[in-house]
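Peer 1: Quick note, the sequences are listed as chains F and D, same order.
The opening position of the first sequence corresponds to residue 359 in this note's numbering, with each subsequent residue numbered one higher.
The opening position of the second sequence corresponds to residue 21 in this note's numbering, with each subsequent residue numbered one higher.
Just so you know, the hints here were simulated from the structure itself, not pulled from any lab data.
Be careful, since some hints might not be right.
Unchecked claim - Here's a subset of chain D near chain F, in silico, CB distances under 10 Å, partners left out:
| hint | residue |
| --- | --- |
| 1 | Glu29 |
| 2 | Tyr30 |
| 3 | Pro35 |
| 4 | Gly40 |
| 5 | Phe59 |
| 6 | Arg81 |
| 7 | Leu120 |
| 8 | Thr157 |
As the list claims (entries may be wrong) - FRET-style restraints, in silico, Cβ to Cβ:
| hint | chain 1 | residue 1 | chain 2 | residue 2 | range |
| --- | --- | --- | --- | --- | --- |
| 9 | F | Ala417 | D | Ser25 | 52 to 60 Å |
| 10 | F | Val368 | D | Arg81 | 21 to 29 Å |
| 11 | D | Leu63 | F | Ser382 | 50 to 58 Å |
Beta carbons are placed, not taken as given, at the ideal position from N, Cα and C, and that holds for glycine.
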Amino acid sequence: MDEDLQLWTVRAFDDAADRVTLPSRERWIPAARGPSRRDFPIFAVVVAGLVLLGIALWAAVPGRIDVGAPASVGDKAQQPMPSATAAAANGCDATGNYSTPVVAQYPTRNLRTPQEQQDLVRQGVGTDMGNVRIAAIAYLTDVGVLSGSALTGYLIQPTGPHEATVVLCRSDGPRFRISLAQPFPNEPRPIWTVGSYQQGDR
Amino acid sequence: MNGASWEEEYRATFPQVYRGLIALGARPDEAEDALHDAFVRQLEGADISSAAGWLFVVAMRRWRRRRWRDRIFRPLVGAAPTAESVPDVRIDLFDALRKLTRRQREVLVARYIVGLSQDETAQVLGIARGTVAATATQAARALRARMEER
C-alpha cells in the first residue's frame, strides 16, 4: 500500500470510528442476566416445544410408566384394556397387599414351540418393553387364570433395563402380579417370564 | 489469564472491538451482546494470546450467529427496531465498507479499527500474512474510489 493510500485509510477509519458512540462504561461488562430480550423468541419456542411434548407424552402414555402402544397378539390379547385412570380407580396398583402364601405356577414360561416364538415376535412382543403387558396377558391367559374374565386395570413397573413387573386386575376381584424379563436384550427374542405370578386380594 | 486481568484487557480493547463490529454492520445492541458473550466465554476458560484479536474474532462470530438466528426467528417476534437497536449516526465510510467482500471488510476493520498488526490479523482470520497485505491494499483502494464517487 503506498503512503498516500495508507494515510487516507488511517485517517478515514479514525474519523469514522470516532463517530461511533460507545455505550456507557457500566454496560461494557455483562451484568448477570437471564434470557435477554433478544433470546426471548428462541427461549419461547423451546419452552413451547417442551410443553407441547409434555402434553403429547401425557396424552399418549396411558399408564405414565407403560410405554409403547399395545400390539395385537391375536385372541389372547383381545381382552378389553381399561385406561390407567380406570386402573387407579380399581386399586390396581403394584403396592397392594398380596395374599400369602403366594401361589406360584409356571415359574418359567418357556415359549414352547418355534411357531409360538415366531408368532410372538411377529406380533410385536419381542424386544419392546412397551409390549410386556401383552406378554403378561398372554401368559396369564395361557395358564388359565384370565380365561373368560375381563380386566379392569393394569400397571407396568420397569424393574430393570429389560425387566418389568406387570399387575393385572381382573374384573371379578383378583389381581395378578407377574414378573417378566427379556433374557436376550440384544436379540429379537420374545419376552418370557422368569418368575411367577402372584394372585392377590383386592 | 485470570478473571481480573481479563477484565482489564477486555475494558482496554472494548472500544475498538465495539467500533469494529459497528463498522462491519452490527447494530449497537448486537455489538454489545456479542462482546458480552465473548467476555463470558473467556471467563469460562478459553485460552487466548492477543486480547484484541481474540475478542474481535469471537465477538464477530457471535454477532454473525445471532444475526443468522434472528433471520429465522424474526417472523415470530414481529417487533419493530427499538431506539437502542438503531445506530445514532450513519457513517458513509461504513456504508461503503459494506459493499466490499467479507474478507476485505474483515481485514480493513481488523487493521484500521481494532488496530491489529498484519501478523495478528493473519492469525485471527486464519489467512497468510501476504494475503492480509494484498487484501488491505486492494480493499482500501476500492473503498477510497467509492468514497470519492459520493
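Peer 1: The structure should be examined with respect to each hint, and the outcome stated for every one.
Peer 2: Each hint tested on the structure:
Evaluation of the glutamate 29 of chain D hint against chain F yields a violated restraint, the C-beta minimum of about 12 Å exceeding 10 Å. Checking tyrosine 30 of chain D against chain F by beta carbon gives a least distance of about 8 Å; that is within 10 Å, so the hint holds. Restraint check, proline 35 of chain D versus chain F: the minimum CB separation of about 6 Å is within 10 Å; hint holds. Interface hint status for glycine 40 of chain D: upheld, as the beta-carbon distance to the closest one in chain F is roughly 8 Å, under 10 Å.
Hint status for phenylalanine 59 of chain D relative to chain F: holds, with the closest Cβ pair at about 6 Å, below 10 Å. Given hint, arginine 81 of chain D at the interface with chain F, is violated; its Cβ is 16 Å from that chain's nearest Cβ, farther than 10 Å. For leucine 120 of chain D, the shortest C-beta to C-beta distance to chain F is roughly 13 Å, which exceeds 10 Å, and the interface hint is violated. At its closest, the beta carbon of threonine 157 of chain D sits 4 Å from a beta carbon of chain F; the interface hint therefore holds under the 10 Å criterion.
Taken as a hint, the range 52 to 60 Å holds for the pair alanine 417 of chain F and serine 25 of chain D, whose Cβ atoms sit roughly 55 Å apart. Taking 21 to 29 Å as the suggested C-beta distance range, the pair valine 368 of chain F and arginine 81 of chain D conforms, at roughly 26 Å. A hinted range of 50 to 58 Å is violated for the C-beta pair leucine 63 of chain D and serine 382 of chain F, which are about 21 Å apart.
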